[in-house]
Structures are given as C-alpha cells and as structure tokens.
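Undergrad: These are the residues of each chain, in order.
Number of protein chains: 2
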Amino acid sequence: MVPHLVTALTGPINELEQRVLDSMPAIERWFRLEWMEHTPPFYSSVDVRNAGFKLAPVDTNLFPSGWNNLTPQMLPLAVQAAMAAIEKICPEARNLLVIPENGTPSSFYLANLAQLQRIFNMAGLNVRLGSIDPALKKNTTYELQSGETLTLEPVIRGKRRLGLKDFDPCTILLNNDLSAGVPGILEEIYEQYLLPPLHAGWSTRRKSTHFRCYEEVAKRLGKLLGVDPWLTYPLFDRCENVNLNESTGLACLQNQVEVVLSRVKRKYKEYGIKEKPFVVVKADHGTHELGIVTVRDAKDMQALQERIQTLSKGRKTPLSTHDFMVQEGVQTQERVNDAVAEPVIYMMDRYVVGGFYRVHAGRAMDENLNAPGAGYVPLAFEHSTQLPQPGIKPGVSAPNRFYMYGVIGRLAMLAASYELEATDPEDQEIE
Amino acid sequence: MVPHLVTALTGPINELEQRVLDSMPAIERWFRLEWMEHTPPFYSSVDVRNAGFKLAPVDTNLFPSGWNNLTPQMLPLAVQAAMAAIEKICPEARNLLVIPENGTPSSFYLANLAQLQRIFNMAGLNVRLGSIDPALKKNTTYELQSGETLTLEPVIRGKRRLGLKDFDPCTILLNNDLSAGVPGILEEIYEQYLLPPLHAGWSTRRKSTHFRCYEEVAKRLGKLLGVDPWLTYPLFDRCENVNLNESTGLACLQNQVEVVLSRVKRKYKEYGIKEKPFVVVKADHGTHELGIVTVRDAKDMQALQERIQTLSKGRKTPLSTHDFMVQEGVQTQERVNDAVAEPVIYMMDRYVVGGFYRVHAGRAMDENLNAPGAGYVPLAFEHSTQLPQPGIKPGVSAPNRFYMYGVIGRLAMLAASYELEATDPEDQEIE
Chain C
538 MVPHLVTALT GPINELEQRV LDSMPAIERW FRLEWMEHTP PFYSSVDVRN
588 AGFKLAPVDT NLFPSGWNNL TPQMLPLAVQ AAMAAIEKIC PEARNLLVIP
638 ENGTPSSFYL ANLAQLQRIF NMAGLNVRLG SIDPALKKNT TYELQSGETL
688 TLEPVIRGKR RLGLKDFDPC TILLNNDLSA GVPGILEEIY EQYLLPPLHA
738 GWSTRRKSTH FRCYEEVAKR LGKLLGVDPW LTYPLFDRCE NVNLNESTGL
788 ACLQNQVEVV LSRVKRKYKE YGIKEKPFVV VKADHGTHEL GIVTVRDAKD
838 MQALQERIQT LSKGRKTPLS THDFMVQEGV QTQERVNDAV AEPVIYMMDR
888 YVVGGFYRVH AGRAMDENLN APGAGYVPLA FEHSTQLPQP GIKPGVSAPN
938 RFYMYGVIGR LAMLAASYEL EATDPEDQEI E
Chain S
538 MVPHLVTALT GPINELEQRV LDSMPAIERW FRLEWMEHTP PFYSSVDVRN
588 AGFKLAPVDT NLFPSGWNNL TPQMLPLAVQ AAMAAIEKIC PEARNLLVIP
638 ENGTPSSFYL ANLAQLQRIF NMAGLNVRLG SIDPALKKNT TYELQSGETL
688 TLEPVIRGKR RLGLKDFDPC TILLNNDLSA GVPGILEEIY EQYLLPPLHA
738 GWSTRRKSTH FRCYEEVAKR LGKLLGVDPW LTYPLFDRCE NVNLNESTGL
788 ACLQNQVEVV LSRVKRKYKE YGIKEKPFVV VKADHGTHEL GIVTVRDAKD
838 MQALQERIQT LSKGRKTPLS THDFMVQEGV QTQERVNDAV AEPVIYMMDR
888 YVVGGFYRVH AGRAMDENLN APGAGYVPLA FEHSTQLPQP GIKPGVSAPN
938 RFYMYGVIGR LAMLAASYEL EATDPEDQEI E
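Residue numbers (the working numbering), protein chains in the order written: chain C, 538 to 968; chain S, 538 to 968.
No lab work stands behind these hints, which were simulated from the structure alone.
One-sided and incomplete, this derived list gives chain C residues near chain S with beta-carbon spacing under 7 Å:
#1 Arg566
#2 Leu614
#3 Gln617
#4 Ala621
All C-beta atoms in this analysis are idealised placements derived from N, C-alpha and C, irrespective of residue type, glycine included.
Please model the complete structure; the sequences and the hints are all you need to start from.
TA: Here it is, written out as structure tokens:
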C-alpha cells in the first residue's frame, strides 16, 4: 500500500533533500566513523516531523514497540541487522529472553512481540518471553489475530542470573521502558547481557539530555552538508523542579515558553516563514499527568493554567514536582489522504530497517499524533525500499525523501548513543 | 515475477528441508561462531543444484558478476551487507576502485557494473571503474539500456598505489577473476586494500581444494543436523598433470571417472535412488579448451576421447597439460516452466543478499547451465524474501526452500574462507 502524500514532496525541504543526496557518500562515511567511536543503541525508533521548511526528530524511543507495523518486505533487513548486532555483542548467544511491558498486552502489542520473536529467531536465537510484571504468576498464553499463540512466562531470578523455567538466556532484551523505575529483579545482573542497559530506561533518561546531544551531532552534520543545523533540530529549554501547585512553578514554565517562542520567532523571521510558531511543554523524563501541551500564545498559556487547576482540584496528593522541557514545535506537513501523518523510523544496530507513517485523522498538524486513534501505514516503497535515487530532482522521489528521513533517524540514534555514554553509571564511577 | 517451479517443492529433499528449518537457530549460531574464527570472502555467488534427493553447490565464484539480476527488492539487503563489510575491513574508506573484467563489456556486464557501483555508492563510497585491460588506453563511456552511462578509465600505477586520474582509492574491488594470471600491475600493492585478495583468483584457486574444504564444513553441518553429509556435497577426485596428447593422460581420467562413478553408484544404491548416476569432468583451475564434460557411461568416455582427438587435430601447439577434477554430477530437478533451472545464491560479507534462477531451455538436467542461452529469473518471493516460515510442512513454502538454499550457499562461502586461508601466500611464508 502506497500512501497518498498530499504535501510530502513539496516545499523548501527540497533544498535540504538535495544537499543530503549530494552528500550521501560523505554522510555514510561520517556515520561509519562515528560508529567506530560510539556504540549504537541495540534498537530504536524515532518520530520525525517534516514541517516543509525543516525536518527534525521529536521523540527517540530506545525500547521500540510497533515492530508489527513493518511490512514483510522490511523483515529481511531487520533480520540481517539483528544478526550484525548479535554478532558484535554476544556472538556465542543461544537463548534470548525478551522482557515485555507490564500489564495485560493489547492485541497490537502481542503482534509486536510476535514480530520481535520472529526477527531474533531468524537471526539465530531461541527466543522466549519473560514478564517482570509481579501480577503475572504463571505461564499465560495469548492467541493473536493471526492465529499464532504467544506465551508470557514469569521470570525466575537467581542470585546472579535471570531466566525462565528450563531456560537460561545469555542475553536479555528489554522491550519495557522502565518508566515506573528499575525493578530490583533487573538489578545486579552481571553475568548476562542486558540490552539496552538499565540507564536507557525513563528512570534515568532526560529528554533535554537527548536533545542536547542531538543538537551537538546535528551541528556537525550541518557543517558537513553546509546547511543551518536548525533545519534539522528543534530549539528547546528546560525548567527544573517545577512545582505546579505553586504559582512560582507556572511562572518558570511561562518564562521558558516565552524564551523558546521568541527564539523560534527570530528563526521564522530569518527564513521568512509565515506559519505561526509554537512550543510544546512536556515532562523531561517519562510522563506527567499534564501530558503534552501545545502553546502558541498567551491564550494557550491561560488554558494550561486552567488545566493545572483542574488537575489539582480535589486531589489527595499534590501534583508531583517534575522537570519540564519546553521544545520548539515542529508541525508536520505530511498527509496520508487528509489525515495528519508523521514518519517513524525503525533502526536495529546502526541500520535503518524500515518505518511507517503514524496517521491521526483527529489531530492537527501541530499536535502530538502518538495518541489513541492513531493508525499506521507502511512507508511508501514503490521499488527500492529506502534506497535513494541519485540524479532525480528533489521533491519528486519518495525513496530520496525516505533516505533523508533515515539520515535524521540515524542522527537521533547517534545522539542516543552519546546520551547513553554520558549517563552510563559505570563511567560515572570511574571519574 | 514468480517462476513456476514444477518440481522444486517435491521429493525427498523435504526431509533435509525439515531438518534445516528445525535447526535454524543452531545453524545460525554455528555460522556466527565460524565467522568469529574465519573471514568471509568479501562477496561471492554459489551455483546450487537440487537433485530432489540431495542439494549441493557445484560452483563458488569469488568475483561474482550478474548483480544486475538481483531485483530492486533485494538491493537494500545488499547495501546493508556492503556497509557491514566496509565497516569491518576499511571503515575510513572514502573512494572505491572497481576493476572489471578485461575486454569489451557486454550490455549484461555493464548492467552488473552499474549495479555494483550503485550498491557501494549507497553504502557510502565514491565508486569509479578502473580497467587493467592494456587495450583500454583512454576513458571510454558506454551507454546502458537504461540510459545511464558508465565510464571505464585506464588505471594508473604508482610505485606503491593503484588509482585513476585524480582518484586515489583506499580500497580496490576486483570483479575480474584473474583467470589469465595475476598481472604485474596488481602486484606489490601494500598500501591499499585489495578485495578479494589476489590468491582468490583462478591462477591460484583449485576447484578440488575448494570442494575438499566444502566437504569438511558439510560434514560438520551434517553432524549438527543429524543427516548424512553426502546429501549436501558432491563426491570428487582429481587427476594431476593430465596430458591429453598422450593416451596415459586419458587413461588416468578414465580411471578416476570409474572410481567416482562407482562411489556415486554405491550411494544411489544405499538410498534406493533410481536415477542414472553421472560425473562431470572439468579443469581443476580456471578453464580448459575441453570445457565441462558430462560422463554417464563408457559411451560418453568414447565421445570424450573423440572430442580430444578433434581438439588436437591440426593444432600448432599441443593441448596444455592440466589438472582435472572428476566430480559427482548433481542433476537439477528445478524447472521454470519447462526449462531446466538452478538457483544461484548471492552473498556479500556473511549475508545472503539475494539470488535468482539460471534457466536454460536448451539444456538437460544433468548439463551445465552456465552457457550461452541461459536466462535469469529472480528467486520467487511472495511475501518475505528469504525468510523462513517455521511451522509449515516441508516442500510447500518457497521461503523455506530458499532458506535452505541460503544455508548451502553460505556453507560454500565458509568453505571458500577455509580455502583462502589454506592458500594465503603470507601464511605460507610464515611456516
């Protein structure tokens, strides 16, 4: 299925596309050299937004689900990349334990687990699913819509190892983002490979750290391409320890919103962009009851204030103090039919292995699409998957557009690699 | 296009397929461990024959052409594998020089060169084509059927490096099998990566060495699968220094033909195979005027003798003395429509990246298909390229059949790796 992208292939983004295509061998070599110094995350997915005048990631997931949305044509790439990843990290591996999200899995999430199991099985591993959800007391088998069955088994923790009954894995793959914190059952596992490492979980990660690293690598790519790096990154700032129960907390947020908005406005003016700038307020780590809030002007700030008041009203415990990030909003100019869409890029080891459009008919182009009601459409491949077609003028070749998305996706993955190095607790101890 | 394989998915080969599928993670792990100890050839293609009761390689090419026969769907896999190969061998590489065959290129070979250029360009290298043909004195541009153009440039040899005008490559890829011997212009290049190494050329290679190595790895895989390894390798023997001008030369060949035929007959008897056994006589290194001769019985031996007499008649120079290999013939039970077909598996680094059927309407199932008149049909992919589908009974799933072909192809590649180690002149000097 090829989505009908109304505006995807138009706009000033074409110049960026041309630069990216012209520099393809240089970009690939640059990534190659970076991966000599830095370890790519085991797997990742990146939400990218194409505003027509800029292209930037807005979220980098180090425990990606949604693998079921990849088409069968993309699967061999994922298997090959999984082979490359395993070969480097744990070539002797025989058994892989996948740890899913806690809670009762949705049919979508089950399909994701089945796909992960398929990929790693074909890459040469015996794969079983071990839940760390304390509510799962015994083996539980689910039937998928395809008729396949999947069994979630409760993990068994030994003194130094984690496993299942009659299954001692050498490698453990987390598909659980640990947003509720790192459970004790995963701590002090020194004899097995735990992928990604625990500090990739949301109890350690900070979005602002990720985007600071991203800005750094985007500036270096910008230099290589000879383009303003702002065309590939969102401006941002952060507020620490915001107590929404006190007016000082909101004041800090309001101040940062104004700072970031005015920086975005200057950039829009510089480029003659007529769109209305906006920022997005979101929790710096994990999630917050406040959710993701779009702020365009004073009116939205008022609405934010009212929302906080509503959330606070009649609660037993006050709203938790949290760090917030205020980030330049990147609207999406992509459409699949009439619904707003954003590309999501999937990577395994250092390779782009596929992607799809997240489509949401009920949302606007400056809103978060990762919300109930979203649909998924495979990235359009007519002939050659993500492979670019040099010599074709920008803006008319879907593969060239997707190649550029893949470059931005990998740039975010590289930033995640920098981020994980900076936050590695083992490195901290050495200092 | 999906070829209609009349008999591909029937026959006792199904038991082998079942064993291969059941052992998938163990096979993949075994290859992974082998590649920790042995370096895969940079690229390779393997002709495989499925006799219905056995499946074996009959030719392993370390300078594969025909990359143009891969479908666009396979290209991303080739690019990803090329990235992995370059990353390991020469991550800093910026420029790649491809050395094509000598002589005026056919339109097919030009399409092959264009495909190689495309693959390595997308993997992040500037690619140019440098001919070592002394007849090519100046840059020569050819137009392809697609309308693309390709330029062959004469190489320029410096004291220690090989390059082109204004092009100093760090890596040189040979797509020239050096069957006429290693030219001086390629010798003593110590500062650049030369891939594959010179001793992979036909001036050093011996088919019998390759198949001895293949037998060794096939026996180990057989043990892993719990099957008779003869189901995956052809029996063979060799005659050294055969002088076809003397009757003693022919007598040696005749003797070995009888020895190999009787070994094959015993095996056919053991398995109750009703087919007529045959052997194939071919030059042990490179090619010989005699060509590839199929011998089923005394009558064919008589025909061989007459052929030698015809070749010898009225010559100024006698037929050259050569080593010959006498190899168990593996008939092919594959058909695309009514034409006899054999799968050819393409590999880059350690990965199967694609393949196709070599089809020859004018040849019989016990004859060589790599001859004028052959056509090429992409391997059948309905949904998931080479990815196997566990749980489906053997003989009905094309992907499962192709997975088995890929295992045999990689087994031949592993044998080539052993072979190149055994014949590495640098290792010989150390001894």
